[in-house]
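On the provided structure of chain A, position chain B as indicated by the hints.
Each protein sequence line maps, in turn, to chains A and B. The first sequence finishes on residue 1012 if you use the working numbering, and the numbering steps up by one all the way, no holes. The second sequence finishes on residue 160 if you use the working numbering, and the numbering steps up by one all the way, no holes.
Don't read these hints as lab results, they were simulated from the structure. If you're wondering where the values come from, they're calculated on a predicted model, not measured in any experiment. Treat the hints with care, since some could be wrong.
Calculated lysine to aspartate or glutamate pairs in the DMTMM-like style (CA-CA distance at most 20 Å, straight line) [what the hints assert, rightly or not]:
hint, chain 1, residue 1, chain 2, residue 2
1, B, K155, A, E973
2, B, K103, B, E24
3, B, K155, A, D842
4, B, K21, B, D32
5, B, K155, B, D68
6, B, K108, B, E24
Which chain B residues stay away from chain A? Per the calculated CB distances, all over 10 Å, these [said to hold, decoys possible]:
hint, residue
7, A7
8, V8
9, A61
10, S82
11, T84
12, G111
13, A160
Even for Gly, the Cβ is constructed at its ideal location relative to N, Cα and C.
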Amino acid sequence: MTDLTSASAPHLREHDHVRGPEGAPVVVVYADFTCGPCALAALRLAQVPLRVVHRHLVLRRRDRRAEPVAIAAEAAARQGAFWAFHDALFSDQGRLDDPHLWQRCEALGLDVDAFELDRRDQALAARVAGETREALRAGAATTPLLILPDGTLQQGAPSAAMLAALGARAADS
Amino acid sequence: MAVIAPGTAVPDFALKTAENEEFTQADVASGTTVLVFYPFAFSGVCTDQFQIYQEALEEITADGARIYGVSTDPRISQTAFCNSLSVTIPQLSDFEPKGATAKAFGAFFEPGGMTHRALVVVKDGTVVWSWEGETPGELPGVNLVFDGLKAAAAA
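Just chain A, same shape as in the assembly (with noise of 0.2 Å):
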């Protein structure tokens, strides 16, 4: 049986997508780019001073394109577009079909047959099936998950207060 007993969730690692400035607290997001509460995070994340990484949370029961969509987000790290994928898949979550993922990667200057075999290749599956489980042994109740910077688990959007004091403490330090 796979092991899914209880784990904290790995520290930041040298593969991970990481933003934000250098030195300030970081914050792990798992999520799904088809969940609106993500996309919320995801908003509300960007207007404070945190270092934020983002790991895959999909869950196949939720919406049929959360798998493809986040696969399609590592196929365009590939290209060194990872941010500004994930960016313009949080910013239209009404278009996430195959067509509107060809658009994206057009609008940012990719190379659409590259990303198309990218897509392909197993290894950016597993990677989001692996991140998946690591948030599942972290203890992920709903979408997203957050590792605050003191370790603590928050189930769901923080709220603009939350992060506000977070951006704060940070910017003490």
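For chain B alone, kept in the frame of chain A given last:
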């Protein structure tokens, strides 16, 4: 009301399956059974909880364990709930007399008149692991189900 403790034999109880058949202590007398008590079908947080569990359902049942959702909703509502979520985890209804099984397992939330959020793992008719939320809003991740299954394997 504290949830039933490990080492306790399951009390006599009667729930209804989606097919309106009785599900009783005889159905948990052998093998490993996970009972997921939850407040309400169709509430936002319960929805998330079952979609998370569904993601790991193959692993939960890989070694023969069975898992059931239990709430005070009528079985018809539970079935509609699962269909709407594409969730296949079978449900058991504690509708009439309301909450009788949840009360027997210490998994009833009196102030709300509803099932509390609790997990109970039964092996061969005896509780081997249990968990209850501090509030009905505290969601148990599926990691806790696996912690319970690990305890059952060791019991």
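Hints versus structure:
1. Restraint check for B/K155 and A/E973: satisfied, since their Cα atoms lie roughly 18 Å apart, inside the 20 Å limit.
2. A threshold of 20 Å between alpha carbons decides the hint, and for B/K103 with B/E24 the separation of about 18 Å falls inside it, so the pair holds.
3. A distance of roughly 9 Å separates the Cα atoms of B/K155 and A/D842; the hinted pair therefore holds under the 20 Å criterion.
4. A distance of roughly 12 Å separates the Cα atoms of B/K21 and B/D32; the hinted pair therefore holds under the 20 Å criterion.
5. Our distance criterion of 20 Å between C-alpha atoms is met by B/K155 and B/D68, whose separation comes to about 11 Å.
6. Only pairs whose Cα atoms come within 20 Å are accepted, and B/K108 paired with B/E24 is rejected, the gap being roughly 23 Å.
7. No beta-carbon of chain A comes within 10 Å of the beta-carbon of B/A7; the shortest separation is about 21 Å.
8. Against chain A, the non-interface label of B/V8 holds: every CB pair exceeds 10 Å, the least being about 18 Å.
9. Non-interface call for B/A61 relative to chain A: violated, since the shortest CB-CB distance, roughly 6 Å, does not exceed 10 Å.
10. Distance check on B/S82: its Cβ is at least 19 Å (rounded) from any Cβ of chain A, clearing the 10 Å threshold; non-interface status holds.
11. For B/T84, the non-interface assignment is confirmed: its Cβ lies about 16 Å from the closest Cβ of chain A, beyond the 10 Å cut-off.
12. B/G111, annotated as away from the interface, keeps every beta carbon of chain A farther than 10 Å; the closest lies near 21 Å.
13. In this structure B/A160 is separated from chain A by more than 10 Å, as the shortest Cβ-Cβ distance comes to about 15 Å.
In this structure, the earlier hints numbered 6, 9 are contradicted, and the remaining ones agree with it.
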